[in-house]
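*Asks:* Residue numbers (the working numbering): 835 to 1168.
Heads up, a few of these hints could be off.
Unchecked claim - Quick list of in silico lysine-lysine cross-link-like pairs, DSSO-like style, CA-CA up to 27 Å: (1) LYS976 / LYS1048; (2) LYS1048 / LYS1001; (3) LYS1069 / LYS1131; (4) LYS1004 / LYS1048; (5) LYS1069 / LYS1001; (6) LYS1069 / LYS1048; (7) LYS1048 / LYS967; (8) LYS967 / LYS1001; (9) LYS967 / LYS1131; (10) LYS885 / LYS909; (11) LYS976 / LYS1001; (12) LYS976 / LYS1004; (13) LYS1069 / LYS967; (14) LYS1131 / LYS1048; (15) LYS1069 / LYS1004.
If you're looking for bench data, these hints aren't it; they were derived computationally from the structure.
Bear in mind the structure is a predicted one, so any value in this text is a computation, not a measurement.
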Amino acid sequence: MAKPRAKRLRKPPLYWRILRSLYIVVFAFSLVIVVGYAALHILAPAPTVDKEVILPNRENLNASGDTLQASSSPKQTILTRRDGVYTCLLIGHADMGGTDTLMLGVFDTGARTASLISIPRDTPVRTNGRTVKINSVYSQGKAELLANTVSTMLGVPVDFYLEVDTKAFKAIVDEIGGVLFDVPPGMDYEDPYQNLYIHISPGFQRLNGDNAVKVMRCRSAYASQDIGRVQTQRKFLTALVDQTITLSNVPRVTNLINILSQYVVTDMRLSDMIHFATQAIGMELETDLSSYTLPGKWISPYYELDDQQVLELVNNLGVYEGEVPMAALHILHP
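Can you build the whole structure from these sequences, using the hints too?
*Replies:* Set out below in structure tokens:
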């Protein structure tokens, strides 16, 4: 008796095999994404900061307006921070010591929005028992004292600081082949004492590193001196970042990292940098970055802040869940 012929299995239809292959590819790709995402959160978790911030209420000037006196029973303001909002103080060094550029950055990682606040170098502050311009604070106590001074003045915690030498700007601009920028008129200034000679024609042009630094430093081009300059600085920094983060600069990543490691000093950990970098993916600088200058006016020899306008700006930053009271700001009026 003949054995029954084994039943031949039919191959699944072609479309089924294609769908199955696609499913395997999609599943594998999804697994890579999930594992990568998990790894980033394990290796680069969100930085930990104090949820509660205790701010001493404003100190009082004595009758002569010269020295600050602590209250016999000082009161405090306790505020709760919003999750995912961080601050960083950007410190640009001057060639003669002190700071030439000072900005406070606020990054809302949840909303993927950021703010950049320029602090005029002639803003008066009280430190070590003396009234000084804020640009001189760094030479007295480095980044830590400067961060504490800004935090006390504005009632906002400073989570990190980032010190940048002007050589870093020059090196980065040269590395990416220059920065396209609309130079304002009046860039003609000479200061032999600082070996500073600025002669740059106005208009849209590609700046090399040397000229970029000169545009960042020039004050004489503006009627408002430092205020006009900080506005130009913010515009240039935005252009620099926008033109650095491009696909064409991918081959230069290693060189850019070497430049940053050579010229930038920060208390930010590598894992913090990675976390912020991943959270910044997809941001559009034109719409997601807001820039301001601390409001005030020039009253020689200082740039005196407008208390009410500064308070409104601080509250618009969204660092806290509640409102910052005026008593938490320490704005000096010599």
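*Asks:* Against this structure, judge whether each hint is valid.
*Replies:* So, going through the hints one by one against the coordinates:
1. LYS976 / LYS1048: holds (24 Å)
2. LYS1048 / LYS1001: Roughly 12 Å separates the two Cα atoms, so the pair holds.
3. LYS1069 / LYS1131: holds (21 Å)
4. LYS1004 / LYS1048: holds (10 Å)
5. LYS1069 / LYS1001: Holds, at roughly 19 Å.
6. LYS1069 / LYS1048: This hinted pair holds, its Cα atoms lying about 14 Å apart.
7. LYS1048 / LYS967: Holds: LYS1048 and LYS967 sit about 23 Å apart, inside 27 Å.
8. LYS967 / LYS1001: holds (24 Å)
9. LYS967 / LYS1131: Holds, because 14 Å separates the two Cα atoms, which is no more than 27 Å.
10. LYS885 / LYS909: Holds, because 20 Å separates the two Cα atoms, which is no more than 27 Å.
11. LYS976 / LYS1001: Measuring from Cα to Cα gives roughly 19 Å; hence the hint holds.
12. LYS976 / LYS1004: Distance of about 23 Å is within 27 Å: holds.
13. LYS1069 / LYS967: holds (24 Å)
14. LYS1131 / LYS1048: holds (25 Å)
15. LYS1069 / LYS1004: Between LYS1069 and LYS1004 the Cα gap is close to 16 Å, so the pair holds against 27 Å.
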